[in-house]
Amino acid sequence: MKAFVTFATALSLLVSSAASLNGQSHGANPPIHKTAAASLKPQLPAMPRFRFENFTTASGLPDDHVFNVLVDGDRIWAATENGLGLYENGKWKSYNTRDGLAHRAVLSLALDKRTGDVWAGTMGGLSRISGGRIDTFTQLNSGLSNDVVYGVSVEGEHVWVATAAGASMLNLRTNQWSLFNERNTPMFEIWVYGVSATPSKVYYAVWGSGILEYDQQKKTWDKYDDPDGETEMVLFKDQGLIHEITTSVSYMEKDHILWAATYFGDSHYDGRRWHNFLTKDSGLPSNFTNVVKGVDANRAWFGTDKGLAYYDGVNWAVYHRSLATGKPEMTIRDKNGNVTHVEVSTAPAHNYVLGIDFQGSDIWVATAKGLSHGIHQP
Amino acid sequence: MTLLRSFSIRVGAFSALGAAITVLISLAVYNASSRSAQAAATAGLTGERLEYASPIELLYAPDTKQLYVLCQQSAEVRVLDARTYKELKRIEVGRVPRGFSLSPKGDRLYVANSWDDTVSVIDTKALEVIATWSVAAEPSSVVADREGKHLFVANRISNDIAVIDAQTGIEEKRLAAGRGASYITPSPDDTRLYVTHVYPNPTPHRTMPQSEITIVDTQRAVVSERIALPYVAHGFHVAFSADGRLGVAAGLHPRNLVPLAHLEHGGAFTDTLTFFGKDVGNPVELPLDELERYAVRPFGIAITPDKSRIFITCGGSEEVTVIDTSRLLRYVHMHPGSHADDLSAGANYVITRIPVGHDPRGVLLTYDGTKLLVANRLDDTISIIDTRTNKLTSTIPLVGPKQLSVLRKGEQTFYTARYSFQGQIGCANCHIDSTFDGLQWDLEPDGFGRDIVDNRPIEAVKDTEPYKWNGGNPNLPTECGPRTEKFFWRAENYDDLTLTELVVYVRSLPPRPNRWRLPAGELTGTQERGKALFNRSVDKFHNPIPENNRCGYCHTGSKGTNQKSFDVGTRKSTDNSGLLDTPQLTNIAITGPYLHDGSANTLEQIWTIFNPEDKHGRTNDLTKDELNDLIEYLRTR
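Protein chains in written order, with the working numbering: chain W, 1 to 378; chain P, 379 to 1015.
The following block holds chain W by itself, in its conformation from the complex (with noise of 0.2 Å):
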């Protein structure tokens, strides 16, 4: 079972996701109506609402397979398939192996806020771009314990680093290299895909393993674990970790509540609870989430096979391209599960998202073909 995930996640990954355009979405479809922009009815939910700008190697991308993208300030650092984008002033930059670059695939970006350099995860190794300078740390000049990096995370002086062979966390300040793998954590699988780090907690998301916490202050980890251990139905909704396959992890760390993504359906977790969201009873466009980005206790915004998503705790928007025509939608699915569909002109670049990160109140999206800016309206 695992080989086969693993290979239909690797093809799904590597292969932009045209299918997804004319895919079906899971369960029973809800009540649509159709609204007009400039008609929206009152009682519509306000859902933000964006120009999407899309950025493509015609535009000056480096690649138009974009893993991630990292805000910033002005500047945004997109991690592609051959090599990092930095667009800066209007113009991109790219970065690759000839620039010190470990891999020329970038998987995950992460910054550094207090110093301003940047980490990037590749197929190859984990570099920090530092003033212009990439520095890379390999599973053999380093103590990092595998060289595709999945995710990673920098808090404090750590940075927190998932591979496809265990977790690793680098300490700025000694040099030194801390690995965690089946040997010394509770991971049953060691193919760790995402981390969100934060100074009380640090979550991993493990593939096929489920959620590994860490607790900074007691130094001790826990596991979060789907409870039904299906890896096709849902038997205990609500009660758990909704799938063992876990891709994406981020913890709000001010609301103790984490957002957590799967390829079978997203859940929410406040330290008690958890709360889980499928197609058939969500606004989630799939179930097949490959990003999950918290915004705070009750807002999240969820990258999928059939487009971007954004849940206000209590209603749903969608942004993509209609599965159907292939035109630019929006849509708003409000808490008593009516839908409604709202005239846009614009939509990220692919339905097959696979990075978020914000901007003030825009947002930019990474897909399997190309980068979008989502420029705020009002």
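Read the hints as simulated data drawn from the structure, not as lab findings. Among these hints, one or two may not hold up.
Stated by the list, open to error - Listed below are the simulated SDA-like cross-link pairs for lysine to any residue, each with C-alpha atoms no more than 25 Å apart in a straight line:
(1) 113/W x 508/P
(2) 1002/P x 165/W
(3) 335/W x 220/W
(4) 551/P x 74/W
(5) 551/P x 157/W
(6) 551/P x 72/W
(7) 551/P x 174/W
(8) 918/P x 184/W
(9) 551/P x 116/W
(10) 443/P x 508/P
(11) 218/W x 904/P
(12) 551/P x 53/W
(13) 93/W x 603/P
(14) 551/P x 114/W
(15) 909/P x 184/W
(16) 656/P x 717/P
(17) 113/W x 999/P
(18) 527/P x 157/W
Once you have looked at the hints, place chain P on chain W.
Okay, now just chain P, sitting in the frame of chain W:
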């Protein structure tokens, strides 16, 4: 080649015999002092205690009535009357202070104590230390920002710049610098800091060395930019013209990728300045050396207020080189690009060279620019130069002994370039501040293109004989004497007494404090696990590990060497032999690259890349976690 080698062996045997006798005498004197070379006092030949100051940097007090002298060996700031140079006070600071600066208001003097990992805060009114703050590893320079909000400290060993709250002394963060971060110079408008580095950044094996100037945005306290210094392995001070349009960085440009052929054929280093800023456009590197006149190890720089001249102290050649700025800029614009290898270039802009004392380091111009003060580290003097005539007008001795101890003489010999052909290099060219250089060299005694060797550190080198990677030199008198004289200096031999003094000095070099050890000497859990792997006799498959394939067999004892040679499977096609002397492990965490030819940039690479057959210890049964443990233990050595 063979004739040359036999000749050198005969000379070496003769010199070693003579030297050995004098070494024995001198060692007895030295041991009686029971102090290291870094200590404040050493015993003279007549037995009295000799308290040397070793001035290294100079500053005027805010009112310019006092002169602060940072004294490295006596670990103090001496306060002199700026007019009469009479000593007014001594302020004790931490061990081996290396840099100091004033706060924006002038009410505080900050001192970076490199061996204590502290910054001393001195009240400039009371002239007393009011606080001592812990910082990172080997702080070498400290500068406050314009608002007095942050202190920036360049840490030589941790290769970073610490950002410290200037009121509390609490470290807020560290910025990634280059390797060997050491000297910080603010831009004239104080918006940026320019940080230079004494060791080269890691680069692929046998490629050009490269250092950098790390530029820090003081407002945001982040690294905003880096100026690459290709071919510059060691950077020292930076200076700016008052208008901020011209920046100058002193550096050493080694020629380590080609055989270290006879010095008379072109030298092993070029002593250079890198110019940057609006006056020059893209940075350019130009030589200070001229044919037969070398400006060895440029260190301190001062630019006159009117930007007409640039003064550079040259430690090895014991002089101040003077540049005419307008002629220099004319040359730069007529000859675009860098010309570090063109020894005819200097004649276009070097206007004179002024002899000063031993190992001149820090410089200071009076505010009107009419006088230049030079700290002669190994003379305990300050040279005063009239900048209008470029003449030495006086030499001010600091209070202290007039007699030179054996150690002091040996240190002078180590730092001077006077013994090499045309005065091109000294021991300290490759052993920066008596350590190492992070470079690999092709030493022609082994044959051109043969036996590329990494430069081994010399701290705590005493009692680790034989020397050289092939173990060919049985003792330090041979290593420092005939080998150096014939293959490096290409000039006169040391006389026996001079060689003895040099050997005594080298033997006295203590190890730097190890920053990976816990204060009480205990090991962390990780280090304990690594130690067990280091000393294990059975591998993970319960197979016994042959004695000579255990880490702890070859790397035994307090210095980590059994002083024997082994083949650890790292021989290259260019190596004459695979048998290599077991290197000591002292402070191995900071002395990369590793292996005899420097092919491993990191400790990890020794075993992840260069030990496929388990000949360099049994390691291929280890997991990545365990290898990390082993390395954490090694860092405590």
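Each hint tested on the structure:
1. 113/W x 508/P: Violated - the C-alpha atoms of residue 508/P and residue 113/W are around 33 Å apart, more than 25 Å.
2. 1002/P x 165/W: Holds, because 10 Å separates the two Cα atoms, which is no more than 25 Å.
3. 335/W x 220/W: 39 Å, violated
4. 551/P x 74/W: Judged against 25 Å, a Cα distance of about 23 Å means the pair holds.
5. 551/P x 157/W: 8 Å, holds
6. 551/P x 72/W: With Cα atoms ~18 Å apart, residue 551/P and residue 72/W stay inside 25 Å; holds.
7. 551/P x 174/W: With a Cα-Cα distance of about 13 Å, the restraint between residue 551/P and residue 174/W holds, given a limit of 25 Å.
8. 918/P x 184/W: 18 Å, holds
9. 551/P x 116/W: Holds - the C-alpha atoms of residue 116/W and residue 551/P are around 11 Å apart, at most 25 Å.
10. 443/P x 508/P: Between residue 443/P and residue 508/P the Cα gap is close to 22 Å, so the pair holds against 25 Å.
11. 218/W x 904/P: 18 Å, holds
12. 551/P x 53/W: Roughly 37 Å separates the two Cα atoms, so the pair is violated.
13. 93/W x 603/P: 16 Å, holds
14. 551/P x 114/W: 7 Å, holds
15. 909/P x 184/W: 19 Å, holds
16. 656/P x 717/P: Holds, at about 19 Å.
17. 113/W x 999/P: With a Cα-Cα distance of about 40 Å, the restraint between residue 113/W and residue 999/P is violated, given a limit of 25 Å.
18. 527/P x 157/W: 21 Å, holds
Going down the numbered hints, you'll see the structure goes against 1, 3, 12 and 17, while the others check out.
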